[in-house]
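Input sequences plus hints: build the corresponding full structure.
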Amino acid sequence: KNEVEQSPQNLTAQEGEFITINCSYSVGISALHWLQQHPGGGIVSLFMLSSGKKKHGRLIATINIQEKHSSLHITASHPRDSAVYICAVGGAQKLVFGQGTRLTINP
Amino acid sequence: ETGVTQSPTHLIKTRGQQVTLRCSSQSGHNTVSWYQQALGQGPQFIFQYYREEENGRGNFPPRFSGLQFPNYSSELNVNALELDDSALYLCASSLSIRGETQYFGPGTRLLVL
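Protein chains in written order, with my numbering: chain A, 1 to 107; chain B, 1 to 113.
These are calculated hints, taken from the structure and not from any lab test.
Positions of the beta carbon are idealized from the N, C-alpha and C atoms, including for glycine.
Among the clues, some could well be false.
Which residues of chain B face chain A? A few of them, derived with a C-beta cut under 8 Å, are [to be verified]:
1) P43
2) R63
3) F64
4) Y103
The following block contains the structure:
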């Protein structure tokens with residue numbers, strides 16, 4: 001079993017739909033990261049959180065430390081949100097990544 | 001734009017050769033981590049450098065080595081390349097080793113034939 005599990009692995013939705021991507025982890029962490037990776041490889045850090053909830057534009061990330069679970073939500077999804085979303089958990093030295101969720105938003 | 005650059009963007013090598021990949025971190029970021037991302041997989045931690053010293057290593061053999069320089073640049077060296085080394089190599093810099101936000105470069109895509 002991987003230390004970081006994401007679901008679903010693939011998600012296709014229509015423009016405007018509310019999107020939820022889930023991440024569960026089995027290790028102790030100091031922070032959880034949500035990352036976005038577009039075709040071509042570049043990774044952008046969306047959120048880093050250790051408790052509660054963070055919001056940036058149409059993106060919302062939540063974390064439940066007791067349940068070792070985090071969710072990334074996208075409201076009013078748009079085709080430009082199409083990308084791979086990766087959950088990563090980290091301590092001081094390294095990040096452990098999930099396999100990623102490939103999101104496709106159709107117009 | 002994260003302010004982190006990597007070179008080259010693409011590279012083709014043959015089995016047994018050696019390769020050096022380069023990363024230029026954001027100014028002031030004294031921590032750099034390197035990751036290997038195989039096709040369709042999440043990135044895997046190779047190692048981290050903090051103030052020019054290795055500060056942690058993942059499950060990679062010694063033929064993967066690194067250097068970090070005072071000017072916030074770093075290198076990943078891979079000797080005796082194997083076919084399975086074909087991957088996207090990412091570097092990420094951060095202000096310190098305290099698990100802060102990491103800023104990723106665009107990656108170097110290496111193909112070993």
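Now the hints, each set against the structure:
{"no.": "1", "hint": "P43", "verdict": "holds (5 Å)"}
{"no.": "2", "hint": "R63", "verdict": "violated (19 Å)"}
{"no.": "3", "hint": "F64", "verdict": "violated (14 Å)"}
{"no.": "4", "hint": "Y103", "verdict": "holds (7 Å)"}
Hints 2 and 3 from the earlier list are contradicted by this structure; the remaining hints agree with it.
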